[in-house]
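Next come the chains, spelled out residue by residue.
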Amino acid sequence: MTELTIGVIDYGVGNLASISQALHQLGYRCRVSREPEVLDAVDLLLLPGVGAFPAAMESLHRYDLVEYLRRSARLERPMVGICLGMQLLADTSSEHRLTEGLGLIPGSVSPLHGHHWHIGWNTMEVLKADPLLQPSDGHSLYFNHSYVFEAALEYQIGVARLDVPLVAAVRRGMVVGLQFHPEKSQAAGRQLLRNVIEGLCHA
Amino acid sequence: MLRKRVAGVITVKDGWAVQSFGYGRYLPLGRPEILAENLDRWGADEIVIQCIDRAKRELGPDFALLERVSRKGLATPLIYGGGIRDAGEAVAVVKAGADRVCIDALLHDAPGNIDAIADRLGAQAVIASLPLSVDGEGRLAWLDYRTKTSAPVDDRLVVLLGTGAISEALVIDWLHEGQPHGFDETLLARFPVDDIPLIAFGGLSEPGQLRDVLQSPRVCAVAVGNFLNYREHAIHGFKVHLGGLPIRPAVTAVGVSV
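Read top to bottom, the protein sequences are chains A and B. Mapped onto the working numbering, the consecutive letters of the first sequence carry residue numbers 1 to 203. Mapped onto the working numbering, the consecutive letters of the second sequence carry residue numbers 1 to 258.
Hint data in this document are derived by calculation from the structure and do not stem from the laboratory. These numbers were taken from a predicted model, which means no experiment stands behind them. Glycine included, every Cβ here is placed at the ideal spot set by N, Cα and C. Warning: the hint list may mix true and false statements.
Here are the in silico distance ranges between beta carbons for each label pair [unchecked claim]:
{"no.": "1", "chain 1": "B", "residue 1": "Thr163", "chain 2": "A", "residue 2": "Asp163", "range": "19 to 29 Å"}
{"no.": "2", "chain 1": "A", "residue 1": "Glu100", "chain 2": "B", "residue 2": "Asp86", "range": "22 to 32 Å"}
{"no.": "3", "chain 1": "B", "residue 1": "His241", "chain 2": "A", "residue 2": "Thr92", "range": "45 to 55 Å"}
Selected chain A positions facing chain B (in silico; Cβ < 10 Å) [as the list claims (entries may be wrong)]:
{"no.": "4", "residue": "Gly14"}
{"no.": "5", "residue": "Ala17"}
{"no.": "6", "residue": "Gln21"}
{"no.": "7", "residue": "Gly51"}
{"no.": "8", "residue": "Ala55"}
{"no.": "9", "residue": "Met57"}
{"no.": "10", "residue": "Ser94"}
{"no.": "11", "residue": "His113"}
{"no.": "12", "residue": "His118"}
{"no.": "13", "residue": "Ser185"}
{"no.": "14", "residue": "Ala188"}
{"no.": "15", "residue": "Gly189"}
{"no.": "16", "residue": "Arg190"}
Take a look, some chain A residues computed to stay more than 12 Å from chain B by CB distance [as the list claims (entries may be wrong)]:
{"no.": "17", "residue": "Glu3"}
{"no.": "18", "residue": "Leu4"}
{"no.": "19", "residue": "Thr5"}
{"no.": "20", "residue": "Asp10"}
{"no.": "21", "residue": "Glu35"}
{"no.": "22", "residue": "Tyr68"}
{"no.": "23", "residue": "Leu75"}
{"no.": "24", "residue": "Asp91"}
{"no.": "25", "residue": "Thr92"}
{"no.": "26", "residue": "Glu95"}
{"no.": "27", "residue": "Leu98"}
{"no.": "28", "residue": "Ala129"}
{"no.": "29", "residue": "Gln134"}
{"no.": "30", "residue": "Gly199"}
{"no.": "31", "residue": "Ala203"}
Kindly produce the complete structure, drawing on both the sequences and the hints.
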């Protein structure tokens, strides 16, 4: 069993129970917390999220987590954002109103083009043969979102397709964002989550 | 390619999973969390838990059940319906382990609260649960299951479904629920809103019938309840017979193709 400890950031938004259970099942220690002294001691920070961008950023500010996350990224600590947690990595979002994000990966969040929602199982195509995702190329993963992170091309590492490609995964150094829910994508998702965690922590 | 889904439905009454027949007769099946675990293992595309007595008894969502299900560590997306009265409860349901929420009584009682739920969770997380039938005059009728009364689908519901606060509609053939090969496809053909994806449920028992329903461009998913309980790995069985349709291949939760 691996000895890695994952810090799931509890800012009142997201499906914390599911992600924690998934991490435990993968054999990781898991700390769900918003306390810097607890999060300082983990090997990887995981930012979950379900819901609207402005409310999520408000919560991160309320708990003084914005600067903490920015500092962690500057220190090149491994970090993974899932679903809304991925979108929060962006510079801005236009959901409801223009809101500043964490600014960890260049790009902005905007409504899906030509579709109201992207719900269900879709195939991910891995770009640039990113080693973290490469084993998952062509796998079906579970998506559930209506806004999309339009990251600069150099940071895109995975896409899914509706009529046009949409960004499914982003990476900038030690910071990775996953638009889908690996914790709810059965064996394919669990394998991917393990590869991303192990790849970042042992880089 | 975005796939159409085959969902497994667990109907819960008094805390127990039941087989439900026409919204009026119930046979006990066992503990809901065990059934959820089975559906997860069998590779369902989604699991729907609908607690049918929470709204009627004004009990709110069944958080104890969600906690028991969550402890199972399901790797399958979970939709929860039952007793949700406002945005705070919907958010708490998601925090407790659900990925999406299904709204039924609230559509009758406080449709204004749906916007607030969508604001907090995003419309992609909100599904309208609609028990429907075709009345004697050929009109689509919407059942309030608490009072067991149906009324023709009116503009109020049509407007509500078009606001953008609801992402999909669960079209339930409640009259034929539990009846083999019972689903009435007229419910889909007469559904009054064109641009909302439909999940068909109630009396879907045979692979050929699932195939017919999934071929409708309006249908994004089929949901099967009672008929999954008659044999192991029933989801696999259905999917094997649905080859050629845009569905996710049959896999178990540990990734074995069948």
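If I claimed the Cβ atoms of His241 of chain B and Thr92 of chain A lie 45 to 55 Å apart, would that claim hold in this structure?
holds (47 Å)
The output says Glu3 of chain A does not contact chain B. Does that hold with a beta carbon cutoff of 12 Å?
holds (20 Å)
Mind checking the CB of Ala188 of chain A against every CB in chain B and telling me if the closest is under 10 Å?
Hint holds; Ala188 of chain A Cβ to chain B Cβ min 7 Å, cut 10 Å.
Check the non-interface label on Gln134 of chain A: least C-beta distance to chain B beyond 12 Å or not.
holds (17 Å)
Taking C-beta pairs only, is Asp91 of chain A more than 12 Å away from all of chain B?
holds (20 Å)
Closer than 10 Å between Cβ atoms is the bar; does Gly51 of chain A clear it against chain B? Give me holds or violated.
holds (5 Å)
Let's test the interface hint: is any C-beta of chain B closer than 10 Å to that of Gly189 of chain A?
The hint holds - Gly189 of chain A has a Cβ within 10 Å of chain B, the shortest such distance being about 7 Å.
Mind verifying the non-interface call on Glu95 of chain A? Its CB should be farther than 12 Å from each CB in chain B.
Non-interface label fails for Glu95 of chain A: nearest chain B Cβ at 8 Å, not farther than 12 Å.
Holds or violated: is the Cβ of Leu75 of chain A farther than 12 Å from all Cβ atoms of chain B?
holds (29 Å)
Can we confirm that no CB of chain B comes within 12 Å of the CB of Tyr68 of chain A?
Since the minimum Cβ distance to chain B is about 21 Å, Tyr68 of chain A lies beyond 12 Å and the statement holds.
Taking C-beta pairs only, is Ala129 of chain A more than 12 Å away from all of chain B?
Consistent with the label, Ala129 of chain A stays out of reach of chain B, its closest Cβ about 22 Å off (over 12 Å).
Double-check His113 of chain A for me: the hint is only fine if its C-beta lies closer than 10 Å to a C-beta in chain B.
With a closest approach of 14 Å, the His113 of chain A hint is violated.
Hint violations for this structure: numbers 9, 10, 11, 20 and 26, all remaining hints satisfied.
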